Amino acid sequence: MNQPSLLSSLHPATEPDTLDSTDRAKIDASTRLPVLLFFGSAIFWLLLGSFLGLLSAWKMTNPWLLDSMGWLTFGRLRPAHLNAVAYGWAAPAAIGVGLWLTARLCRIPLLHSKLLVSAAIIWNLGILVGICGILIGDGRSIEWLEFPAYSTPILFVSYALIGIWTIIMFRFRKPGHIYVSQWYLFAAFLWFPWLYATANILLVWQPVQGPAQGAINWWYAHNVLGLWFTPIGLASAYYFIPKVIGRPIHSYYLSILGFWSLALFYSWNGLHHLIGGPFPAWLISASVVASLMMFIPVITTAINHHMTMQGHFEALKWSPTLRFTVFGAVAYTVVSLQGSSMAIPSLNTITHFTDYTIGHAHLGLYAFFTMMMFGAMYYIVPRLVGWEWPSASMIRWHFWLSAVGIILMVSALTLGGLLQGLALYDVKSTFRSSLEFATPFRYLRGVSGFVLMAGQIIFAILFIQMLLKLGTPKKGPALLGKPDDATV
Amino acid sequence: MSASNIPPQEPFNESDQENEVNVVGIHESILREREEPKDGYEPIPLWLIAVFFALIFWAGIYLAMNSGGFQKDVFNPEMVAWAGGGSAVAAAPPDPKVIGKRLYTQNCVVCHQTTGLGVAGQFPPLVGSEWVVGGDWVGDNHLVKILLHGLQGAVQVKGATYNNAMPPWQQLKDDQIAAILTYIRSEWGNAASPITPEYVKSVRDAAVGRTEPWSQKELKAIPAEAAGASAQPPATPAAPPANPAA
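Sequences listed follow chains A and B, in order.
The first sequence begins at 1 in the numbering used here and counts up one residue at a time.
The second sequence begins at 1 in the numbering used here and counts up one residue at a time.
Quick caveat, the hints were computed from the structure, so don't treat them as lab data.
From a predicted model like this one, the values you see are computed outputs, not experimental measurements.
No residue lacks a Cβ here, since even glycine has one placed at the ideal position from N, Cα and C.
One should not assume that every hint holds.
To be verified - To spell it out: a stretch of chain B is covered by chain A in this simulated footprint if at least three of its residues, at any positions, have a beta carbon under 8 Å from a beta carbon of chain A; those stretches are:
#: 1; region: 33 to 39
#: 2; region: 43 to 53
#: 3; region: 126 to 137
Unchecked claim - The list that follows gives simulated cross-link-like pairs (lysine to any residue, SDA-like), each with its CA atoms no further than 20 Å apart:
#: 4; chain 1: B; residue 1: Lys101; chain 2: B; residue 2: Thr211
#: 5; chain 1: B; residue 1: Lys38; chain 2: A; residue 2: Gly311
#: 6; chain 1: B; residue 1: Lys72; chain 2: A; residue 2: Gly277
#: 7; chain 1: B; residue 1: Lys97; chain 2: B; residue 2: Ala191
#: 8; chain 1: B; residue 1: Lys173; chain 2: B; residue 2: Thr211
#: 9; chain 1: B; residue 1: Lys217; chain 2: B; residue 2: Ala160
#: 10; chain 1: B; residue 1: Lys38; chain 2: A; residue 2: Arg107
#: 11; chain 1: B; residue 1: Lys173; chain 2: B; residue 2: Glu198
#: 12; chain 1: B; residue 1: Lys173; chain 2: B; residue 2: Lys220
#: 13; chain 1: B; residue 1: Lys173; chain 2: A; residue 2: Ala302
#: 14; chain 1: A; residue 1: Lys475; chain 2: B; residue 2: Glu28
#: 15; chain 1: A; residue 1: Lys317; chain 2: A; residue 2: Gly476
#: 16; chain 1: B; residue 1: Lys173; chain 2: A; residue 2: Pro278
#: 17; chain 1: A; residue 1: Lys475; chain 2: B; residue 2: Glu33
#: 18; chain 1: A; residue 1: Lys174; chain 2: A; residue 2: Pro153
#: 19; chain 1: A; residue 1: Lys59; chain 2: A; residue 2: Leu72
#: 20; chain 1: B; residue 1: Lys38; chain 2: A; residue 2: Pro278
#: 21; chain 1: A; residue 1: Lys475; chain 2: A; residue 2: Pro390
#: 22; chain 1: A; residue 1: Lys482; chain 2: B; residue 2: Arg34
#: 23; chain 1: A; residue 1: Lys469; chain 2: A; residue 2: Ile457
#: 24; chain 1: B; residue 1: Lys72; chain 2: A; residue 2: Leu283
#: 25; chain 1: A; residue 1: Lys469; chain 2: A; residue 2: Met453
#: 26; chain 1: A; residue 1: Lys114; chain 2: A; residue 2: Ile154
#: 27; chain 1: A; residue 1: Lys114; chain 2: A; residue 2: Val157
#: 28; chain 1: B; residue 1: Lys72; chain 2: A; residue 2: Ile256
#: 29; chain 1: B; residue 1: Lys72; chain 2: A; residue 2: Gly476
#: 30; chain 1: B; residue 1: Lys173; chain 2: B; residue 2: Gln71
#: 31; chain 1: A; residue 1: Lys174; chain 2: B; residue 2: Glu36
#: 32; chain 1: B; residue 1: Lys217; chain 2: B; residue 2: Thr161
#: 33; chain 1: B; residue 1: Lys101; chain 2: B; residue 2: Thr196
#: 34; chain 1: A; residue 1: Lys475; chain 2: B; residue 2: Arg32
#: 35; chain 1: B; residue 1: Lys38; chain 2: A; residue 2: His312
#: 36; chain 1: B; residue 1: Lys72; chain 2: A; residue 2: Pro278
#: 37; chain 1: B; residue 1: Lys38; chain 2: A; residue 2: Ile256
#: 38; chain 1: A; residue 1: Lys474; chain 2: B; residue 2: Lys217
#: 39; chain 1: B; residue 1: Lys220; chain 2: B; residue 2: Arg210
#: 40; chain 1: A; residue 1: Lys317; chain 2: B; residue 2: Glu33
Please model the complete structure; the sequences and the hints are all you need to start from.
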């Protein structure tokens, strides 16, 4: 390859890196089995995990619900819910989207797809063992790492295969400009094994002593969100927004700033969960500062996405992918700014240990990440199975049930959490009264769970119809409105 | 963006592919796609850079003011201020007796017991002890000295002789020592005056550099200070000190 001129180095897009439709077809066909395996199992765990979450939510208001069965008590259901949706749904969905995007962005068909098929099967085995382990009472009391010690090595083996595959793909990619989505994907695929191995070694196999456990626990739990789900969600947004509307991403320079500031600051964030805990002041303060520094990547990414969408908001009316993706991108901005504000000590003293935090977690994992994954799947699945989505109105229902459900859930938990926190903070009121403030909002949260599940069931039906190619063959994409230019 | 863009169908080289592609059957969704995303090259707005620099400036100041000097044993210097922001109760100075009781429970009960009665023949009692509430020659300065540096050798307490070692507690801060002493002087029927952190500091400063524990003989040679408890009789109906006065 010739040395690039100075100008082309500054503007790498001058290099040709196009794919024609036969290349794309070849790439997509190569990803079919592993990606569909990850998607299918992810949707299964999403339904199961949401059901477990729904049960836990109703137990908060009706503690006698199913209280005679030990394996359905709150202490097991709640971690089972968290782990089923985080490791059963979100991670495989992220891996599936990540595989497809990686192949597209490396501009080569998937190499060694057997490796990935094995990884998918092993991963699901690990989740199954882990969820059963939690339900029979073997769970560990480490938040986000509740899976019993005998299931984590299975997950790690599966993940190691994927990590190796990522490096191989990156190494054999077609030469040319590396698009921003790929930075995030490559980083996330390497960050996760680092996080998971470190946390398991220091908390399970060779546990550190005393408060350091808490520090490592929250370092891990927060980084799973920020260095694993967030980058893959953003990679998806950076790919699908320009792809659907057909214009370049606004600014390469903003992309760089956003990526590196996320990489620099995020890993420090977790300790803001321990404000007021027995930790050296500098550790907490460094985390508070890093959490507020997250404004930089978040604002940068938000501007970049918004400016790309500028003038194309009409497309939200008809493209399912874009609608879910933009909802997720907006939620990313909201949840990140909220997260930064929750690290401010004076606010943290009120919101800590209340439902406010639960609302924040769902805003991140559902309104941002899950919606982003739905959007990506609406784009990817038709290309893998060679079938159009059978019903635009079902997609519309899925979107509105998800959107209304999650907004309802987050509003209820946020408001209830604030009232609960203020009551907890008031020395004159009892602990019981703080719960009474939260109770009506917890009923509302329980209701919102039904709404979300209804949306998920519709999506699962759509997905099964796609896999089995049910219904009459459709000409053209399933659009939500009348576009001037249909390219979804 | 239409089907006319597709190159004529030709067989792929499938030797290294696990999945084959039927070109004729390329799904319409792939054909209608727009090209792969590209980067635009708009510059970063200047105001954004200014905002970020302001943030980083704030970060530096916040860290400098709240890092506790990056010491591993400085915990949350801000916490008291935060708590004070919300409620008057939290802002009130803590009761030294409450803190003293906690510190006593952590450090002293092993020998002197929660009852303050000690163990007969081994650890002297604190209840009604002339060493604690003041006796004919014992003053507050002696008590503080014992806590700071320890006590060794035979001692007479309430007429009984004990021969054991009281360890030094100079690693405790002035206000902690003051809190413990204030607690033991006001608990179990004892009713001597509180000890202030300033007083502990003055005693500590006067004996700076001392490492070995005190002995009864050595302490006796030091007169009780004016602020001492010599004027205060034991408040409990305990037996008067049988110790012959110096």
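> CA of Lys173(B) to CA of Gln71(B), is that 20 Å or under?
Replying inline: 17 Å, holds
> Is the hinted pair Lys72(B) and Leu283(A) satisfied, with a Cα-Cα distance of at most 20 Å?
Replying inline: 9 Å, holds
> Under the criterion that the straight-line Cα-Cα distance not exceed 20 Å, is the pair Lys173(B), Glu198(B) satisfied?
Replying inline: 11 Å, holds
> CA of Lys174(A) to CA of Pro153(A), is that 20 Å or under?
Replying inline: The hint is violated at about 34 Å.
> Counting residues of the region 43 to 53 of chain B whose CB is closer than 8 Å to a CB in chain A, do you get three or more?
Replying inline: The restraint on the region 43 to 53 of chain B holds, since 6 of its residues have a Cβ under 8 Å from chain A and three suffice.
> CA of Lys72(B) to CA of Gly277(A), is that 20 Å or under?
Replying inline: Judged against 20 Å, a Cα distance of about 14 Å means the pair holds.
> Holds or violated: Lys469(A) with Ile457(A), Cα cutoff 20 Å?
Replying inline: OK: Lys469(A) and Ile457(A) at ~18 Å, within 20 Å.
> Given the hint that Lys101(B) pairs with Thr196(B), does the C-alpha gap stay at or below 20 Å?
Replying inline: 16 Å, holds
> Does the structure keep Lys101(B) and Thr211(B) at a Cα separation of 20 Å or less?
Replying inline: Distance of about 27 Å is beyond 20 Å: violated.
>> Against the 20 Å threshold, does the CA-CA distance of Lys114(A) and Ile154(A) hold or violate the hint?
In response: 17 Å, holds
> Taking 20 Å as the top limit, are the C-alpha atoms of Lys173(B) and Ala302(A) close enough?
Replying inline: This hinted pair is violated, its Cα atoms lying about 51 Å apart.
>> Tell me if the straight-line CA distance from Lys317(A) to Gly476(A) falls inside 20 Å.
In response: Holds. Lys317(A) to Gly476(A) sits at ~17 Å (cutoff 20 Å).
Hint violations for this structure: numbers 3, 4, 12, 13, 18, 20, 25, 28, 29, 38, all remaining hints satisfied.
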